[in-house]
Each structure stands twice: as structure tokens, then as C-alpha cells.
Amino acid sequence: MSDLNTAMIEKYRSSFLKEVEANVEEGEWVKMCMQCGVCSGSCPLGKHWEHPPQEIFMMIRAGKREDVLSSDAMWMCTSCYNCIARCPRGLPITHIMHGLAVYSKRLGLTPKKQPTAEFSQIFWDNLMKKGRVNELKLGLSIYFKDGFGQGVKNAMANRKLGQNMMKAKRMNAMEMFSGHRIKDLTGFQKIINKAQEIETGNIKDFK
Amino acid sequence: MTEVIATNETILVVGGGISGMTAALEAAETGKQVVLVEKRPYVGGRVTQLYQYFPKLCFPTCGLEINQRRAKMNPNLNIITMAEVTDIKGEAGNYTATVKISPRYVNERCTACGDCAKAVESEFNDEFNYDMGKRKGAYLPHRMAHPQRYILDPAIIGTDDAQKAKDACQVNAVDLDMREEVIEFNAGAVIWATGWKPYDANKIQPYGYDRIANVITSVEFERMADPNGPTGGKLTRPSDGKEVKSVAFIQCAGSRDKNHLLHCSRICCMASLKQATYPADDVAISIYYIDIRAIDRFEDFYQKVKAKENVKFIKSKVASIVENKENSNPTLHGVDTEGYNRYADEHDLVVLAVGMEPSVDKAGFPVEITINEEGFIEPAPENGGVFAAGCSSDALDVNRAVQHATGAALRAIQVVNRVAATEG
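Quick mapping for you: the protein sequence lines, in order, are chains A and B. Going by the working numbering, the letters in the first sequence line up with residues 1 to 207, in that order. Going by the working numbering, the letters in the second sequence line up with residues 1001 to 1424, in that order.
Where hints are given, some of them may not hold.
As the list claims (entries may be wrong) - Footprint (simulated), chain A over chain B, 3 or more residues, beta carbon under 8 Å:
| no. | segment |
| --- | --- |
| 1 | 1246–1257 |
| 2 | 1358–1370 |
To be verified - To spell it out: a stretch of chain A is covered by chain B in this simulated footprint if at least three of its residues, at any positions, have a beta carbon under 8 Å from a beta carbon of chain B; those stretches are:
| no. | segment |
| --- | --- |
| 3 | 44–56 |
| 4 | 143–156 |
Unchecked claim - When the alpha-carbon atoms are kept at most 25 Å apart in a straight line, the in silico DSS-like pairs for lysine-lysine are as follows:
| no. | chain 1 | residue 1 | chain 2 | residue 2 |
| --- | --- | --- | --- | --- |
| 5 | B | K1100 | A | K31 |
| 6 | B | K1039 | B | K1100 |
| 7 | A | K113 | A | K145 |
| 8 | A | K153 | A | K105 |
| 9 | A | K47 | B | K1325 |
| 10 | B | K1315 | A | K47 |
| 11 | A | K130 | A | K105 |
| 12 | B | K1325 | A | K64 |
| 13 | A | K129 | A | K169 |
| 14 | B | K1245 | B | K1315 |
| 15 | B | K1089 | A | K31 |
| 16 | B | K1089 | B | K1039 |
| 17 | B | K1234 | B | K1312 |
| 18 | A | K113 | A | K47 |
| 19 | B | K1203 | B | K1315 |
Treat the hints as calculated values from the structure; they're not laboratory data. Where a beta carbon is used, it is the ideal one built from N, C-alpha and C, also for glycine.
Construct the complete structure from the given sequences, taking the supplied hints into account.
Structure (C-alpha cells):
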């Protein structure tokens, strides 16, 4: 391609597409979408999406930055991989959705009370404490995330499940007090901090 | 025993479809000796199975008649049917081809009277109609078949039916002692015109071709529209024989898809637009597409079909098809690109516009040849005196295949002319 062609393409490529390419995992695939719609039609949760993946890709190319990043659409992805399996262009759609979700979270644009986002945060915080997931505390944190009253209701509704898990030794009540942990917790936290540092360093500024 | 007189100045044409026939005739009419080897019992290939051509909606039988007449008139052209090239050795200007000829059990005395077919009782799926409908164990593949000669299905050999066919023949044309032959002959250049086959729709799992009766392929729809076809030209549902009142066409069924064929098959858009003109005006037609690729002069035809009131275009690649168990209607699920509306549309019949894939498997070429990722032959200098013609080189419509075949004929002629010059 001639230099002039390349220059013109650069000129017309929206800055939001550039931003997605630079800062979103697998974001460089977005421009490969040919808008056939097979992903949206194949998504088992498709009708609950504010914008199906195909529309998200078009919105990115149209430069609708706020609409995309503050949408709850990409948080609806359950990672069933139907879209990836069927996409005629081989776009890693599931991964792009997760990438967009992560990026919107990083920028603080995630919609408030988005259940998947809330769960992800609780899971992360739980994991970071001991380097292992404490399922008892994780379960309770989710039950009580919307206040004490709702938490008691949730716990009561699921108490049979909890009891059975304890009987089957799948859950241990003692986990409430300290809980199991990895051997080198400080080392683990160091790794995570370093990774986050690298990740943050790679983010390009588009403001 | 089949006699073939051939020298290093002979051109071997592999495949007798529209491309192979064109290349063979063009070369033979310049005075070159040509041997045409065709796998089917007749020449004309997949064009014989078409009802109408796009964009003029004229009948392929017309051009076929002209070509068959040219073939009959030309003493330089030797057509061997029911034959396959199994090996080609040598180099440009000096090839030796090995050809396997399957027995037809009917010799050249046949007058195509049809008495043998009447006498024979056994029936088989009719491959000419893509297994819709039946044909007899002794049959003429289609009405215009050239050579105009019956054939006995190998499955009836050794049964009473074979004897019945022999006894019914008044001109003693049935020869039950015919055996498979393997012959060898020389050639200076080879034109490879083995054509295409429809992509196997069973591989497109979400469209349910293998499990939903009323989901058919475009090549099957073409046979249904033909008055000589299995339904006598009536567009009926395979599940219950009811007249079709709404048809959906699904474009890119297997083409432009990483999971299937990587290439655009180029003909399917025009084929579906053409097929949208087959049903009566009160039949509702929906065409689901990614983008309509009606190139250059075909744009006019696209506009003409677009203007029809009963034809609707939906910009969307259908995600999946589910059968409505109550009425056997296929239901199409997807999201359109113009508004992102989720749809679940029911139709009487769904036609998959299946893609073109090369008929010879990548590993199946009996000669060393350069093949691209999609299995089509590349015009590489390493191919020596072997030249691709028509759909063995790319997905082409008839018009472009014929142009390409003429080009291949010219290349082959140049090789044998060089041979003639050195051998004096």
C-alpha cells in the first residue's frame, strides 16, 4: 500500500478505535469485523444485551466511546464461546468483551450495581487476601453485598445448599476465622503488584 | 479396447464440463489433436444441471447444444467418458497419461430408444438430480446427454436386470462383458478442468441441513425449478410436498468463513438473485446476506430483483435454523445489521446458497501442481505444460470459466506448437 493510502487510513481511523486497539486485550481484532451478525444471533444471552457484540464493534468504529465503555453489554458475556466458534472471521469475541469490561473498569466507567462487575470485584478482593479463594467468605460477601436485610434473606434461601456443602466437606465453617492460604503470601502479592504495574505502564493515554 | 491415437502434439483435457469442453473445442478447431477425458458418462458437467443462466435467464441447454454439435463435427476431438486420469508423468511437451475407463456396458450401437430402461426394474437415487427422485438401473443420465447413449448401473451387473436389459435391446448394444480398462497415451500439454463441487452443507452444523427436511441447497433448488427435474418444475416442500409460499435464501452458506471455505464463491449472490425469479410473484422471498456481490454489469440484475415487490433483503448472516415441529417450517434466528433487530422468521423452505469448492481434493492430484490454500490451482511456472481451466483455478461463473478456458487452450497450443517446431 502506498504511503498516501496508509496516511488516509490513519486519518479516518477514529481515535476510539485506536484507543481500543492500544488498550483493550485483543482490541486490534475489532477492525476485522465484517458485520455479519452471527455472534449476536448465536449468543444465548443475546436478547438481554443492551448492544450485541456486532453493534459494539460498530460503535467502537463510530467513535462512541462513552456509550461503549459505560454500557453493561460486555459484562453480560458468560464465556460460552459460541460466538468465537462461529465467527467467520475468527474474531476472539469473548476475549474482546472481557477486554472491554476490564478497560471500562480501569477507567471507572462501569455501570453501578452491575452484578457481574460486583461479583468480579468481590472475587478479586477475596483472592488477594490469602492467595486462595475462601468460598465461605466469598459466598457471604455476595449474599450481603446489597445490605444486611437482603443478605439474611439470601442466606436463608440458600441455607440447604450451604448445609449440604458442609456435610459433603465442600465447605468448612472454620474458614470464617482465618481460612487457608498460600505459603508465600508476600511473594504472591509482589507478583500481582508487579503485573499491575506493567499493565498500567502499557496503557496509552488517549485523553 | 479403447484406442487412443496420441502424440506429443496432442492436448489432453481433463474434465468435460463447460470449461473443459470449451478448451477442447477451441484447441481442436485450430487443428490440434485433443483427447478429452470425462469422469461422468456425458459431457457438459454441472452446467447440464442448471435450469437458467444469470443474468439473462436463458437456458444452458442452448449453449450446450451448440457445443455438443461442435464436438460431433470435429474430427480432431476424441471424447472418452466414464474415464479418470490416474497418473501423468513427464514434462511439458512430453507427458504420458494413464487413464482408467469404467465399463458402460452399452456400446456405440445404442440408439437411445430406452427399451432397456423399460425392461429393467431396479431403481437408484438419481445423482443428476442430487438424489432427489429415482432413475432406472439402465438409464440415460439426462435428456440431452452427449454421447446420447444409455448406461447400465454397475450394481445391476450379474443380476436378472442386466439380462433383461440385454434381451430388450434390439440393436445388440448391451455388452455385459465390458471390463474396466487402463490405457496410456502421450500428450504434449494438459488442460486441467476438473471443475467444482457444492460445499457439503452437512458441515454447516447450525443450519441443520442434515436434520431439517425443508432446508435444501441451491443446487437442489435449481433442479426443482427445472421442468425436467424431479418435481416437474414445481417448487414443493421436501417434507410434505406442499406448494412453497415463502422461501428464504441464506447467502455465504460455507463461503467467506474461517470454519468452512475461506474464499468468496463469487457465484452464489447472483445464483440466489436468479433463483428469486423462479417462484411465482405471490411467493414471499427473503434473502439473508452479508453483502450482495453482484459485480459490474450484474448490478442491473440486482436492481431488477430488488424492485420486485415479493423480494425482501435482510442484511444478516443467519445464526441458526430450528425446525418448528408442528408444521416442519424452518425458523431462522439471527440479528440484522440494519438496526440490530433480533428476528425469528419462519419460512416454508430455506435454500442454502452453498459455496464452490474444487472437485479434486488437495491430495488427489495425479500430477505435481501448485495449489493454493483453498485448493485451487495457481498459475505457477512450475506447473510446466499443465494449465488450469475454469473452476479448478478459482470460483468462477460460466462466463468467466469459458473465458479462462479459452486462455488455457491458447497456453496449451503454444506448448504443442513448440514441440511441433523442434520435431519438425
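Structure-inconsistent hints, enumerated in ascending order: Per hint list: 2, 4, 5, 8, 12 and 15 violated.
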